[in-house]
Every structure is written in structure tokens, then in C-alpha cells.
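**Q** Protein sequence lines, in the order shown, are assigned to chains A and B.
Just so you know, we're using numbering that gives the first Met the number 0 here: the first sequence kicks off at 0 and counts up by one.
Just so you know, we're using numbering that gives the first Met the number 0 here: the second sequence kicks off at 0 and counts up by one.
Derived from the structure by calculation, the hints contain no laboratory data.
Backbone N, C-alpha and C define an ideal beta-carbon position, used for all residues, glycine too.
It is possible that some hints are incorrect.
From the structure, some residues in chain B lie toward chain A, with a derived Cβ separation under 7 Å [what the hints assert, rightly or not]:
hint : residue
1    : Asp29
2    : Ala33
3    : Met44
4    : Pro46
5    : Arg107
6    : Gly108
7    : Pro117
8    : Val118
9    : Phe186
10   : Lys187
11   : Glu190
12   : Tyr196
13   : Arg278
14   : Gly281
15   : Leu283
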Amino acid sequence: MTGTVRTGEDVIVLAGLTKLYEPTPRWMRLFARTHITEPVRALDGVDLVVRAGEICAVVGPNGAGKTSMFRIIVGLTDASGGRGSVLGLDVGTDSERIRQVVGWMPAEDRSLLMRATARENLLLHGRLQGMRKHELVERIPHVLAQVNLTAQTESVVAGLSAGMKARLRLARALLPGPRALILDEPTGAVDPIAAHELLTLIMGLVERERLAVLISSHRLEEIEALRSQALLMESGRVKYHGDLDSLRDRWERPQLELVFTDPEVAGRVAAELVAQGLTVTAEGAAVRCRPHGRNPVGRVLAGLGSHTAALAHVREIPMPLRDLIAQVYTRGGDLAGSGTR
Amino acid sequence: MSAPTTLATGAEPAYPSAVRDRAFRRKVLDTLGAYIRIDLVEERMFPASTILRYVAVVFPVLLYYFQSSFFAFSDQQFMLILIGAAVTAGLQDALTGLTQRLQFAQERGTLETYLVEPVPWALIPVAMNIWRSITGAVLACVMVGTGCLLGAPIEAASIPAALLVLFLGIAACNAVGTFAASFLILFKRGEPVIMLYSLAAGVLGGTLFAVSVLPGWIRWASYLVPHYYVISAERQLLMADPPADAMSPLVATGILVAFCVVAFAVGLAVFDRSLRLARRFGILSI
């Protein structure tokens, strides 16, 4: 596998995974029109390893290939090329067994039986998973307690809040004690506080149970809070794979904020920095710029000269993850997969 | 049953897994049990609609009863119509239940939730329709029972054999339903096939008449639908004076058994194949 070092703890392994969606054949179009007229490459040679006790956040715009990747892992879609495995089980040929060791939390509440209670939902899933009655009696209260839904055990799902439904979907994924979790936008319809609780819960579980977790989310602050590995995707290709610290080390261009005692001095400094070729924003006595290769922080400060005496304070503002990722997408084409282990 | 799978992570998980390999027989039982439970939850949630379904079937019986009175039909002619209508109503649920449910799941987005459970996909159509099939049989019984209350003569000693034939017919219609379900998976619309089939089966099976009245050029097609065998055998079993051309219950049962075996084997293989094709084209849920 290109650029990938495997260990005994590898749980989810994808190697050159490719998915090409093709228009349906002509004979099928007699009954239903094809959804696409040209082949669409949803995944293009994706390499990925998620180990036990590790979270990998899959990030990318709509159509990046995140859902296709998840669907291939749980056996809902076939790969066109490459290979994938979960605990050594092949995603193409062992999908029924994979579905037993992977807990899947789909993005939508609709995957729950709305008219059944929380307990009944778990009972049905447990039965289909092959769990025995005595196991279910013991585990259902346990997972409901884990996701803080004990009080809602006998509540009908339709009456639960979005956050509670999300936690119930997580409880369902956890019920049989899977080795890996696939969480497709788990916090999509959940308010920020409930989302934070859910992610804290997931992080705790990963640590305690040593689960391998693949998670997709459009909320980048959540990805950052998970302190996870990141897989940045675009048009089916991996733009970056590695930890967020490495991503920052490589791509971060923090903003430098200089606050002066006199707004007039701030205005003169701003003009001088613009003359040096920096993009500058000035607001009152504060000047902000983004130093880069030719004008590093030291050179900006050294260039202040006599204005240094009017400097009240200096601060470095870290780049928001959103901007960092946007940079990878706009400038990082030549460094795709740079962080791949 | 093998021991739970263990993962070489170096550390024992705090929450040991209950994931284990299962024998196929166990999977079948788990799947059937789980789907029946899902349906029971639905039935319990809407108790009035369940009761109304049973009340509703009384009216067609009244319709045929008063029609028979108006046209001065004999008791035997009323029984002939009643048995045909009751069997057709009972088989209808078995025939259409699966496509209706699959389409509902597909449009509501729950189909994938069913498919990601670790059970063989070929079991799903059987499990999904088992409860509807049972209630269909009960509906047929309610119709015939109502007819008896209205004075229709029934051969009570043959009821167990009649129930056996009815269940075989339901199984055969479930097998036919898997073909429609396969069509639905690939082309997203199963009703046209089912509507065509069930309307044709009403005519070819002789729901309201003896099939001997059909012209020769269409008569042969009756042998292709399970309705014909079930209606014919039920009339033979439950009527004191069945139509002269009614098929022997023993022969009809034998043919229904053979039909079930062949149609289920082919239907489930086709269903499994269509799911795999849909998986390849990425059209399982769209």
C-alpha cells in the first residue's frame, strides 16, 4: 500500500479504493431513466488506515466521496477497484460479517423506528445482530446509560429531541460491542451543546473501548475538538491524511496582530506593511497582517523601527481550521497525501 | 455457535463484544422474529386501523350476499363467489405487501438500515412480509366466517385442509412478490408489475366464476397463477356442491408445493441478484 505502514492494530484498511459510478445499461433504462449520463469517479485510489483507539475525521465538500467510502465499507456499494478490509475481512466478499463488527450510525433520524420505544429499537437491532435475550437484558440498559438516555428507555422515539435521537442512534451502533464505528455526520441536526456532549461521549468510548472510528462532519470545530486524524478529500481524492498538528505545522500561516497606543502610528505602520507586499487590515489602533515566506514575523517586527515604542501588544492569531483546510484545497494539489503515514 | 470474535488490540476492551458467528438457521429465526416484532409494534401503535381493516372486509361479503339475493343465486353460487373473493383478498396482502413495504422503506430512507444488519439479504423479503401474510389469511377467514353467519353453507370438516391450502397459496404469492420486489429494487416502481399481475390473477384464477367459462385461448394461462389452484381447491373443500371442473385438492396442493419451491428458489435468487446489481450501480437508496 502506497505510503502506508500497517501494524497489528489496523482495523479499517483501504488500499487504492476506487469507485466509478456508471450509467445504468440500456435495457434498464426501458423501465427507469439513468441517474447519471456520464461515469462519475466518486473515489479515486483512496488509501487509509484507522487503528484501534483512533478517530479519523473525513472532511470534504459535498460530492467528495465520503459517503461512497462509508457505503463501500458497510457493503451497501461495491468498489470498482482497489481493496478494503475491516479486521482483515474483505469489504467485497465478507460484507455480512463486516456488518457485524462495524457499528454504523447513519446521518438521518429516519433510520430509527419512530413509533417504537428506545428500548424496542435496541431490542430489534440486537435480535438482528444475533444477540441473545440475556445479553440484551444486560446490555440495553448499559448502552442507554452510556449515552445518557436511561430516563428515555420507554419513550417513543418520535417524541425525543434531535440530540436524544442522535444519542439513540449511537447507542444502537454500540449495542453489540462493535470494533469499529462509522459515524456519518453524527451531529448534523443536533444543537452545539448536544453535539459537544455527543463528541465527548464518542472520544471517551474510543479511549475506553479502543474502537476505530471513521467520522464525517461539516462542522470543522468538532473535528478539531476530536483531536483526530484527518482525511481531507476532494472529488474522490485524498488531499491530506494525517494529524491536525502536522497539518498546522505544514500549512498554518497565523495572523499577526499589532496594537499601538496611537491610531495614527497604526495607520502609518499599515501603509508600510502594504508597501512590503503584505495583505493588511487596520482597525483603530490595531493592525493585522499575515506574514509569509518572504516576510516572516521577525522581519515584520524588525521593520517597525521607531514605531516599536508605540507598540502596546503583539499577538499571534491561529488560523481557523476552516481557513487551513481551504488553503489545502486551493494550494495543496501538489502535496496530496503528504501526511499519509 | 462459535465464541465471540476477539480482536488483537493488545488491551481487553472494557465492554466485551457480543458479536459472534451464527448458524444460518439461527439467522433465519432471528430475522423472522425481529421483523414480526417490528410489525407488532406498528399494529400496537395504531390499534384502531388494525380493527378497521377487519371490519372493512365485512362489506364486500355483504355486497356479494345482497347481490346474490337480488339475482336469486343459490347458496352454492354465493359460496362460489365468497370463497373466490376471500381467497383473492387473502392472497392480495401476500402479493403486494412486500413491494409496498420496500417502496415505503426506500422512499423513507430506512431500507439501508435494514440492509446493514448482518443477515443474508435473501431473507429480508420473506421476513418483511410474514406478518402481512398472516393477517391476509386472517382476513380471508373473517370473510368466509361472515358469509357463514349470513347462512352460507360450509363443509366444516374440511376447514383444516382449507387452511393448509390457503397458507400454501400465501407462500406461493410471497414467492411471486419477490419478483416484483426485485423489479422495485432496480427500477424503483413495483406497483405496475404487481397491479398487472393481481388484476390478471383475479380473472385467470376465477375469483367470481368457475374458470371453465374462460375461452380456450386464455384458459391455459390460469395454470400459471397460484390463485387458480387455491380457489379451485378451496371450493372443492368447502362447498357441498363444487363446480364440476374444480381441481382435486390433493393435486392442487402438490402443484402449489412445487410452485412454492421453484418460485421461492428463483425469486430469492433474483432478489439477491437485483440487490447486488443495485449495489454496483449505487442505486440502492435512490
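**Q** If a hint holds in the structure, say so; if it doesn't, say that too.
**A** Here is how each hint holds up against the structure:
no. : hint   : verdict
1   : Asp29  : 5 Å, holds
2   : Ala33  : 4 Å, holds
3   : Met44  : 4 Å, holds
4   : Pro46  : 12 Å, violated
5   : Arg107 : 6 Å, holds
6   : Gly108 : 5 Å, holds
7   : Pro117 : 4 Å, holds
8   : Val118 : 6 Å, holds
9   : Phe186 : 4 Å, holds
10  : Lys187 : 6 Å, holds
11  : Glu190 : 13 Å, violated
12  : Tyr196 : 15 Å, violated
13  : Arg278 : 5 Å, holds
14  : Gly281 : 5 Å, holds
15  : Leu283 : 6 Å, holds
Violated hints, listed in ascending order, are 4, 11 and 12; each of the other numbered hints is respected by the structure.
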